[in-house]
Amino acid sequence: MRIGLDNIIQTQVIDYRIPKNTNIFYTLGFLAVVAYGIQVVTGILLLIYYVPHPDHAFGSVQDIMTKVPYGWLFREMHAVGSNLMITVVMLHMVTVFLMGNYKRPRELTWLGGGLILIITIIFGLSGYLLPWTQLSYWATTIVTSMPTAFPVIGEPISQILRGGDHVTATTLSRFFALHVAILPPIFLALMGVHLFLINRIGISATPFGKIDEEKRPLTEYKRKTYPDGYPYYPTFFQKQMYMMMAYLAVMFFIMTFLPTLFFPSEANIPADPFKTPHAIKPAWYLLAPYQLLRLIPNKFFGIMIQLILIVVFLLWPFLDIQKEKNVLKRPVLRGVFLFLLVMWVVLLFWGRT
Amino acid sequence: MKYLILGGMLLFLFPLTVYADYQQDFENEFLTKPWAGVQVEENVCISCHSSEQMKPEFRTIPEEWQASWHAQNNVSCEHCHGGDSKDAALAMSPQRGFLGSPQYKDVPQFCGKCHIAILTNFLESGHGKALMAGKKAPNCVVCHGSHNIRKAGIDIISVQLCTKCHSYERAKVMKQALFLTETRIGELGKKLEELKHEGVYPETDEQSLFSTQAEFRALFHTVDVNLVKDRTGEFTAKLDLIDKNIQNTYSLLKFRKNFSTLLMLTFAGMGFVIFLMTQKKDE
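Chains as they are written, first to last, in the working numbering: chain A, 1 to 353; chain B, 1 to 283.
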């Protein structure tokens with residue numbers, strides 16, 4: 001009563017309308033929030049037993065897996081969930097891109113989302129080292145070596161990341177701090193801004209079908225509303241719920257039937273800095289950049305191309321000034337997108353071999 | 001705005017084109033790092049023995065060692081021969097503990113620096129006593145090789161090898177005495193590897209299996225069939241315990257699988273029900 005909670009529920013849930021032509025991909029943003037929530041809950045449970053020291057990290061994870069009641073469940077949910085979360089955030093970005101929903105006046109929403117994706121990947125990267133396994137140790141060795149391709153500042157960046165020349169106890173401490181203390185507030189702040197912008201500007205309709213109202217000139221602020229749209233609750237809320245259930249079902253499917261998908265044998269052997277595995281590769285979401293770096297003869301060019309691609313990706317709404325939102329009516333953009341997507345998939349699988 | 005961003009990017013690209021030519025040295029260094037797929041052995045013994053200056057008969061040693069069980073377990077030149085593998089000038093200096101190659105008779109002590117239990121049993125065996133007495137007898141490398149050491153197993157006891165010195169009859173009896181326990185050790189080893197693939201690291205059982213195997217193989221070096229037969233029960237009991245632990249772990253994994261299947265079906269079912277509700281609403 002004091003804070004008008006009933007009013008918030010009335011305006012934001014019951015009276016809130018969404019465009020009639022929304023599709024299932026509109027739930028991906030919500031799904032990313034759910035995925036993050038699962039990571040937070042399972043992460044806190046792991047944090048109670050995890051010891052961030054090279055002598056104890058692997059043992060403490062094994063204790064979580066074998067001695068802590070249902071520790072295996074939370075650990076596997078956290079590990080599988082991290083990969084699924086990155087997948088969901090990537091899919092969310094791709095669908096927003098294909099539906100042109102990054103366009104004016106939602107440029108900052110896209111930029112915020114892009115930064116969230118980068119933070120999510122850094123989350124995955126920093127968490128990867130924590131179990132201190134052969135896989136995590138050597139994958140981190142690779143990834144922290146990648147900045148050295150950049151002249152002058154590359155080596156110091158690598159040194160700062162590792163806290164020395166090699167991946168050591170210092171690296172583990174730094175990655176642990178990054179994972180549990182530094183990244184979460186940054187992520188929450190970005191997500192707050194992202195959600196604020198979505199609410200403030202109003203969600204964008206798809207460019208498919210009849211509703212395509214964003215062609216108006218942007219001269220003043222106006223929250224986009226859909227008075228004749230579907231009510232958020234229960235219509236869209238139910239869609240979000242069954243997508244959430246599907247997400248959890250997929251998570252447990254992987255845990256049950258594909259247990260080695262994210263846990264190859266090296267992921268169950270303690271890190272040995274003196275024993276380089278035969279095939280070292282980073283996590284799947286970094287395989288494409290890694291493979292590109294290996295393919296381009298000049299490493300500096302390799303890293304610069306990737307940095308430029310990231311900058312273009314983040315600033316794309318400012319570069320793409322065409323009014324047409326429908327990607328099906330933009331053959332060049334569609335071609336470029338397909339080319340990049342195929343390249344990414346090819347490099348990913350190439351990097352795996 | 002668009003031109004501002006494009007201009008900024010061009011400025012960003014400019015130093016790239018200027019700097020690129022100077023990157024070759026850096027790239028070479030980058031590619032030689034272990035994670036780039038090329039491992040660099042910073043061992044002067046290896047580099048010297050691989051060089052053209054080395055006598056041809058010694059030049060194959062690095063290649064043989066690289067394929068050996070010792071190499072796979074990080075046992076390098078200096079661990080057997082002493083010396084300093086990091087310092088070319090003093091690599092073969094006695095001050096750095098260089099031992100060189102042992103005489104034929106001294107090979108058991110040379111290997112026994114690490115394989116202590118095996119040395120003790122070998123010296124008490126017919127093989128060891130004959131060797132120490134200066135008679136014709138095998139030393140370690142006759143059966144196991146020197147630089148090209150393979151992972152030990154009962155396959156070493158073979159007609160080809162044993163009949164070099166004597167008939168195969170006694171060796172065959174020994175191989176039969178070893179067979180069941182050795183086979184079981186191998187099977188348990190495979191099961192422990194499988195557990196690792198399942199996300200469990202059975203450290204205690206692995207150590208227990210390793211020490212049981214080492215003790216059993218040390219016993220074999222006495223070349224005393226009766227002793228091996230007498231003590232086989234002792235080793236079987238140890239292996240039974242490891243096997244029981246493995247079975248318990250498998251039961252635990254089965255429970256986990258069933259539990260996560262239940263969760264999967266629960267969420268899939270709930271999702272399906274909600275989906276049906278939305279379909280009804282749409283109608």
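A portion of the hints provided could be inaccurate.
[Stated by the list, open to error] Label pairs and their calculated CB-CB ranges: (1) A:R104 - B:F255: 52 to 62 Å; (2) B:L265 - A:G59: 55 to 65 Å; (3) B:K254 - A:Y49: 52 to 62 Å.
[Unchecked claim] Just so you have them, the derived chain A footprint on chain B, three or more residues with Cβ under 8 Å: (4) 177-189; (5) 197-210; (6) 253-261.
The hints are simulated quantities; they were obtained by calculation from the structure and are not laboratory data. Keep in mind it's a predicted model, so treat the numbers as computed, not measured. All residues carry an ideal CB built from backbone N, CA and C; glycine is no exception.
Check your understanding: Which of the stated hints cannot be reconciled with the structure, identified by number in ascending sequence?
Key -> Violated: hints 2, 3 and 4.
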